[in-house]
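Taken in sequence, the protein lines are chains A and B. Residue 1 is where the first sequence starts when you use the numbering used here, and the numbers rise one by one after that. Residue 1 is where the second sequence starts when you use the numbering used here, and the numbers rise one by one after that.
Since the hints were derived computationally from the structure, they do not count as laboratory data. Bear in mind that the values here come from a model prediction, so they are computed numbers and not experimental data. All C-beta atoms in this analysis are idealised placements derived from N, C-alpha and C, irrespective of residue type, glycine included. Be a bit skeptical, because a hint or two may be false.
[To be verified] Distance condition first, Cα-Cα at most 30 Å in a straight line; then the derived DSS-like pairs of lysine-lysine:
#1 A:57 <-> A:84
#2 A:149 <-> A:218
#3 A:301 <-> B:301
#4 A:301 <-> B:29
#5 B:218 <-> B:195
#6 B:195 <-> B:29
#7 A:296 <-> B:301
#8 B:57 <-> B:21
#9 B:195 <-> A:149
#10 B:29 <-> B:59
#11 A:218 <-> A:195
#12 A:57 <-> A:296
#13 A:57 <-> A:218
#14 B:84 <-> B:301
#15 A:195 <-> B:149
#16 B:57 <-> B:301
#17 B:296 <-> A:296
#18 B:21 <-> B:84
#19 B:218 <-> B:59
#20 B:107 <-> A:296
#21 B:149 <-> B:84
#22 B:84 <-> B:59
#23 A:149 <-> A:107
#24 B:149 <-> B:29
#25 B:212 <-> A:107
#26 B:218 <-> A:149
#27 A:218 <-> A:21
[To be verified] Have a look at the derived ranges for each label pair, beta carbon to beta carbon:
#28 A:1 <-> B:94: 33 to 43 Å
#29 A:41 <-> B:298: 28 to 38 Å
#30 A:107 <-> B:51: 29 to 39 Å
#31 B:324 <-> A:191: 31 to 41 Å
#32 B:46 <-> A:192: 45 to 55 Å
#33 B:187 <-> A:240: 28 to 38 Å
#34 A:177 <-> B:205: 29 to 39 Å
#35 B:96 <-> A:240: 35 to 45 Å
#36 B:103 <-> A:177: 49 to 59 Å
[What the hints assert, rightly or not] From chain A, some residues computed to sit far from chain B (all C-beta separations above 10 Å):
#37 19
#38 22
#39 27
#40 77
2 protein chains.
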Amino acid sequence: MIRIGIMGYGNLGRGIECAVKQNADMELKAVFTRRNPETVRILTEGVPVYPAEEAVKRKEEIDVLILCGGSATDLPGQTPEYAKHFTVVDSFDTHARIPEHFANVDKAAVEGGNIAVISAGWDPGMFSLNRLYANAVLPNGNDYTFWGKGVSQGHSDAIRRVAGVADGKQYTIPVEQALAAVRSGENPELSVRDKHIRECFVVPEEGADLAKIEEEIKTMPNYFSDYDTTVHFITQEELNRNHSGIPHGGFVIRSGKTGWNEENSHVIEYSLRLDSNPEFTASVIAACARAAYRMKAEGMKGCKTVFDIAPAYLSALDGAQLRASML
Amino acid sequence: MIRIGIMGYGNLGRGIECAVKQNADMELKAVFTRRNPETVRILTEGVPVYPAEEAVKRKEEIDVLILCGGSATDLPGQTPEYAKHFTVVDSFDTHARIPEHFANVDKAAVEGGNIAVISAGWDPGMFSLNRLYANAVLPNGNDYTFWGKGVSQGHSDAIRRVAGVADGKQYTIPVEQALAAVRSGENPELSVRDKHIRECFVVPEEGADLAKIEEEIKTMPNYFSDYDTTVHFITQEELNRNHSGIPHGGFVIRSGKTGWNEENSHVIEYSLRLDSNPEFTASVIAACARAAYRMKAEGMKGCKTVFDIAPAYLSALDGAQLRASML
Numbered sequence: 001m002i003r004i005g006i007m008g009y010g011n012l013g014r015g016i017e018c019a020v021k022q023n024a025d026m027e028l029k030a031v032f033t034r035r036n037p038e039t040v041r042i043l044t045e046g047v048p049v050y051p052a053e054e055a056v057k058r059k060e061e062i063d064v065l066i067l068c069g070g071s072a073t074d075l076p077g078q079t080p081e082y083a084k085h086f087t088v089v090d091s092f093d094t095h096a097r098i099p100e101h102f103a104n105v106d107k108a109a110v111e112g113g114n115i116a117v118i119s120a121g122w123d124p125g126m127f128s129l130n131r132l133y134a135n136a137v138l139p140n141g142n143d144y145t146f147w148g149k150g151v152s153q154g155h156s157d158a159i160r161r162v163a164g165v166a167d168g169k170q171y172t173i174p175v176e177q178a179l180a181a182v183r184s185g186e187n188p189e190l191s192v193r194d195k196h197i198r199e200c201f202v203v204p205e206e207g208a209d210l211a212k213i214e215e216e217i218k219t220m221p222n223y224f225s226d227y228d229t230t231v232h233f234i235t236q237e238e239l240n241r242n243h244s245g246i247p248h249g250g251f252v253i254r255s256g257k258t259g260w261n262e263e264n265s266h267v268i269e270y271s272l273r274l275d276s277n278p279e280f281t282a283s284v285i286a287a288c289a290r291a292a293y294r295m296k297a298e299g300m301k302g303c304k305t306v307f308d309i310a311p312a313y314l315s316a317l318d319g320a321q322l323r324a325s326m327l
Numbered sequence: 001m002i003r004i005g006i007m008g009y010g011n012l013g014r015g016i017e018c019a020v021k022q023n024a025d026m027e028l029k030a031v032f033t034r035r036n037p038e039t040v041r042i043l044t045e046g047v048p049v050y051p052a053e054e055a056v057k058r059k060e061e062i063d064v065l066i067l068c069g070g071s072a073t074d075l076p077g078q079t080p081e082y083a084k085h086f087t088v089v090d091s092f093d094t095h096a097r098i099p100e101h102f103a104n105v106d107k108a109a110v111e112g113g114n115i116a117v118i119s120a121g122w123d124p125g126m127f128s129l130n131r132l133y134a135n136a137v138l139p140n141g142n143d144y145t146f147w148g149k150g151v152s153q154g155h156s157d158a159i160r161r162v163a164g165v166a167d168g169k170q171y172t173i174p175v176e177q178a179l180a181a182v183r184s185g186e187n188p189e190l191s192v193r194d195k196h197i198r199e200c201f202v203v204p205e206e207g208a209d210l211a212k213i214e215e216e217i218k219t220m221p222n223y224f225s226d227y228d229t230t231v232h233f234i235t236q237e238e239l240n241r242n243h244s245g246i247p248h249g250g251f252v253i254r255s256g257k258t259g260w261n262e263e264n265s266h267v268i269e270y271s272l273r274l275d276s277n278p279e280f281t282a283s284v285i286a287a288c289a290r291a292a293y294r295m296k297a298e299g300m301k302g303c304k305t306v307f308d309i310a311p312a313y314l315s316a317l318d319g320a321q322l323r324a325s326m327l
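Could you build the full structure based on these sequences and the hints that come with them?
Below is the structure:
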């Protein structure tokens, strides 16, 4: 059994807990939290919740510590720190800062003799893998990534900061015509506006100026001004009833040419349709935790990404079973 | 530069030659053939064509020998034989016999201190990878593989063996409603007939009994009797004009549940739309040749499949470049 520890118990931590339940070779040993442990109710019976500071002294009880903090402020410090003591997995998702995070984590993991898998999830993660495979197979081609339909936390937060807005949620939606053009192998050049639309569901405060809210959202730089954005005003009750989920997903498509004179076209498409973004991310992390555990057991160390993990390490089946059942 | 040798120059061998041209870190060093080399015209200028028997004595000139024979009779003997002397890649695709082939090739490759990648292509190959990844991420779910729309060589051959048939081609086509049901996450149980239809384009011999041909095709056991099959009679000229390509493709879909009470559904879909089945297969093989070359250079040996290859080995980019550009 792979003994799993969870550091941080929000949506992602709860997703890890659910994923561990589905994987027969894993057991949840402990949850660590920066909140008062007395106030944290977890789902698994009999598993203790400890203060975060106790983690290191309990390191002998844990095979893989899964870091469920945020990429902005938690993980840049936490992952290198814990990689000195534990085999760890995180879901660091600030794409531009991955090289720096990798370097910091690698140093710590090598020092600790541990494996640290960073940026596990679906993007970065499964989408990254599909970009790499498709590029390796079709060196002459074009890449396209579309996100959605799904809830963007950052854009929902941005809506809620607008004066007169009580609550709100934003969906990122791929533009169907753009997807169709890409799938046809036409290799279209697509602007930001061509690829995604943004749909907002906004609960206004009583007496708020709706036209002003809509204008302010639609012209907000970085978040909305480069997109075709629609704004729907709804009640809090409607928002709660129809928009409480955290769905997401998207498409990674590469189209390319082969042949002596590049006469043949090929389209590779990978897509996800997810009811729960954090639970799916957690499911990827759980598979990476298995891989990390095995790589450490084989004497490897250092920082790894999904690019460095031979796929067989992710599966509970052994090599012979995999070849017989899935190859 | 990775020096590539091609053993066998049919559609697949020609596809390898085209793939090598697209990969800047590879060069074609030699083509080996069982035919009279004088009769084999290849596309790349200045590259020699040798008799197959000369391969072993030229092993110092070749980094990776790509075996382009058939799975039925060529590869079971060739791959173990050449794995003693070369780093090799094959596209062995008789799924049921992969465990046996693996064992034979592994023994020879370990003995020779070489890497031998078997079953590279898209199914087995890219489809297998997607089955493995999706199963590792969603342990609680169902797998579906659909093939097509594409030309089935085996079924086309079967048509051509029917009395009164001069020529013919068969397309395997996924049933749209079955795809839609799978994508919806319904986890349908699908019979052979539910999943694929078979469409045949047949050139009859002069004076042949068309009704009899159609009946014989539609009731042919194993090949057609379990499917809804349509038969179109056309002229040789039409067949040549409209059906000379070798397109293929398909879909690997896994739908699964997550959540404490399995309350959330997810659908992972991978699809290929290929103008040229052999050229795409060859493109996967070329990437695997790069991986094999690097794994051998790192001192690894033995038989490997795509399951055993860390994705980064397949790419011409190094780890830092991959993390910065694709993660």
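- Item | Given hint residue 195 of chain A paired with residue 218 of chain A - CA-CA distance at most 30 Å | holds, 17 Å
- Query: Does residue 149 of chain B pair with residue 29 of chain B here, judged by a C-alpha cut-off of 30 Å?
  - Reply: The given pair, whose Cα atoms are some 35 Å apart, is violated under the 30 Å limit.
- Query: Does the Cβ distance between residue 187 of chain B and residue 240 of chain A fall inside 28 to 38 Å?
  - Reply: holds, 29 Å
- Are the Cα atoms of residue 21 of chain B and residue 84 of chain B separated by 30 Å or less? Within the cut-off at roughly 27 Å; holds.
- Item | Agreement of residue 195 of chain B and residue 149 of chain A with the hint, judged by alpha carbon distance not exceeding 30 Å | Judged against 30 Å, a Cα distance of about 27 Å means the pair holds.
- Task: For the pair supplied as a hint, residue 195 of chain A and residue 149 of chain B, confirm whether the alpha-carbon distance does not exceed 30 Å.
- Result: holds, 27 Å
- Take a quick look at whether residue 57 of chain A and residue 296 of chain A sit within 30 Å of each other, Cα to Cα. holds, 20 Å
- Message: Tell me if the beta carbons of residue 177 of chain A and residue 205 of chain B are separated by a distance inside 29 to 39 Å.
- Response: Taking Cβ atoms as reference, residue 177 of chain A and residue 205 of chain B lie about 48 Å apart, which means the hint is violated.
- Task: May I ask you to test the hint 33 to 43 Å on the CB atoms belonging to residue 1 of chain A and residue 94 of chain B?
- Result: holds, 37 Å
- Query: Going straight from one Cα to the other, do residue 57 of chain A and residue 218 of chain A come out at no more than 30 Å?
  - Reply: violated, 51 Å
- Query: Can the restraint linking residue 301 of chain A and residue 301 of chain B be considered satisfied, given a maximum Cα separation of 30 Å?
  - Reply: holds, 21 Å
- Pairwise beta carbon distance, residue 41 of chain A to residue 298 of chain B, judged against the given window 28 to 38 Å: violated, 48 Å
In terms of the numbered hints stated before, the structure departs from hints 4, 6, 13, 19, 21, 23, 24, 25, 26, 27, 29, 30, 31, 34, 35, 37, 38, listed from lowest to highest.
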